[in-house]
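Based on the sequences and whatever the hints tell you, model everything.
2 protein chains.
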Amino acid sequence: MLLIRPLVPADFDAVWPVLRDVVRAQETYALDPEMDRDAGWRLWAETPRATFVAERDGVVLGSYYIKPNAAGPGDHVCNCGYIVAPAARGQGVAGALCAHSLRVGREMGFAAMQFNSVVATNTVAIGLWRKHGFAIVGTLPGAYRHATLGVVDCHVMYRRLDAA
Amino acid sequence: MLLIRPLVPADFDAVWPVLRDVVRAQETYALDPEMDRDAGWRLWAETPRATFVAERDGVVLGSYYIKPNAAGPGDHVCNCGYIVAPAARGQGVAGALCAHSLRVGREMGFAAMQFNSVVATNTVAIGLWRKHGFAIVGTLPGAYRHATLGVVDCHVMYRRLDAA
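Same order as they appear, the protein sequences are chains A and B.
Using the UniProt record's numbering, read the first sequence as starting at 1 and increasing by one per residue.
Using the UniProt record's numbering, read the second sequence as starting at 1 and increasing by one per residue.
These are calculated hints, taken from the structure and not from any lab test.
One or more of the hints may lead you astray.
[Unchecked claim] Between beta-carbon pairs, the in silico distance windows are:
#	chain 1	residue 1	chain 2	residue 2	range
1	A	L149	B	A87	44 to 54 angstroms
2	A	R5	B	E34	27 to 37 angstroms
3	A	G109	B	T47	39 to 49 angstroms
4	A	R49	B	D38	50 to 60 angstroms
5	B	G90	A	L3	51 to 61 angstroms
6	A	R130	B	G90	25 to 35 angstroms
7	A	D57	B	T123	55 to 65 angstroms
[Said to hold, decoys possible] Residues from chain A that keep clear of chain B, each with C-beta distances beyond 12 angstroms, as calculated:
#	residue
8	A45
9	G58
10	D75
11	A85
12	G90
13	G138
14	R145
[Claimed, not checked] If you want the ones that stay clear, here's a sample from chain A, every Cβ over 10 angstroms from chain B, calculated:
#	residue
15	V59
16	G72
17	R130
All C-beta atoms, glycine included, are put in the ideal place defined by N, C-alpha and C.
Rendered as structure tokens:
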């Protein structure tokens, strides 16, 4: 039974190592690989509108944040970031987080959700976002320096939240 | 004779009213329309890698900033924002700023330039960016609430700096 609930500060002891390793790997996120825990906290927990964790049997397996993707006349579009602990991958955690975020985004009044930079080689994520209603609406040629694959494209993915 | 040079703090007396009015108009930028001067300074002059002004006969007519569009494995793509004073529009100032920014972006070692949110109704800007080598690489349906035209699309525009 996977429980998704708001993050509390103590959760970051479990979230940070996952976030740190994902960022260091330089395979999926366009974030500073040398980011320290304080910067990670600001990015993941402080700046966003809300942050959630997924836990099973009291163990945090993943997390996501939700925030406006732009300000003013663009603040009806939200953005989310998701991470899942390596040991918990392939168990539907990311899909559960995404489904939760779509519901929360709607509840917060957002009209659409946008992922700005989905690394084109991250086919597992792309397939999952497609399954959850996202379309690739743009491709940025060579916008990501993958740690092992070199320079690769990024996709912009988008879905409305107000559509049926 | 248009001179483009780095912004100094005193220039912001001329830049801020232009930026403020552009942001308040809610026709082109996805920024907080209630932004105050301090927030404007942070956005336009403090956060970016560099900020320039265009002046003619000692009068500041426009300005642009340049910064990385993402961090870590995405920090080889830059982003710019441009503003031109209403009285100076239609005189090639934006084009001169764009050409300057492409050169500066290359000098700074960026491999590409990306505009994340070009409002689809801003056809003058879109035409100008196309002329300067940018392509529409994606379209975000309904991503902008235009003050007078209602909900409109945004384009993502992109060009390589390292290509011939």
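Results of checking the hints against the structure:
no.	hint	in the structure
1	A/L149 x B/A87: 44 to 54 angstroms	holds, 50 angstroms
2	A/R5 x B/E34: 27 to 37 angstroms	holds, 33 angstroms
3	A/G109 x B/T47: 39 to 49 angstroms	violated, 28 angstroms
4	A/R49 x B/D38: 50 to 60 angstroms	violated, 23 angstroms
5	B/G90 x A/L3: 51 to 61 angstroms	holds, 59 angstroms
6	A/R130 x B/G90: 25 to 35 angstroms	violated, 44 angstroms
7	A/D57 x B/T123: 55 to 65 angstroms	holds, 56 angstroms
8	A45	holds, 17 angstroms
9	G58	holds, 32 angstroms
10	D75	violated, 8 angstroms
11	A85	holds, 21 angstroms
12	G90	holds, 24 angstroms
13	G138	violated, 2 angstroms
14	R145	violated, 4 angstroms
15	V59	holds, 28 angstroms
16	G72	violated, 5 angstroms
17	R130	holds, 16 angstroms
Checked against the numbered hints given earlier, the structure breaks hints 3, 4, 6, 10, 13, 14 and 16 and satisfies all the rest.
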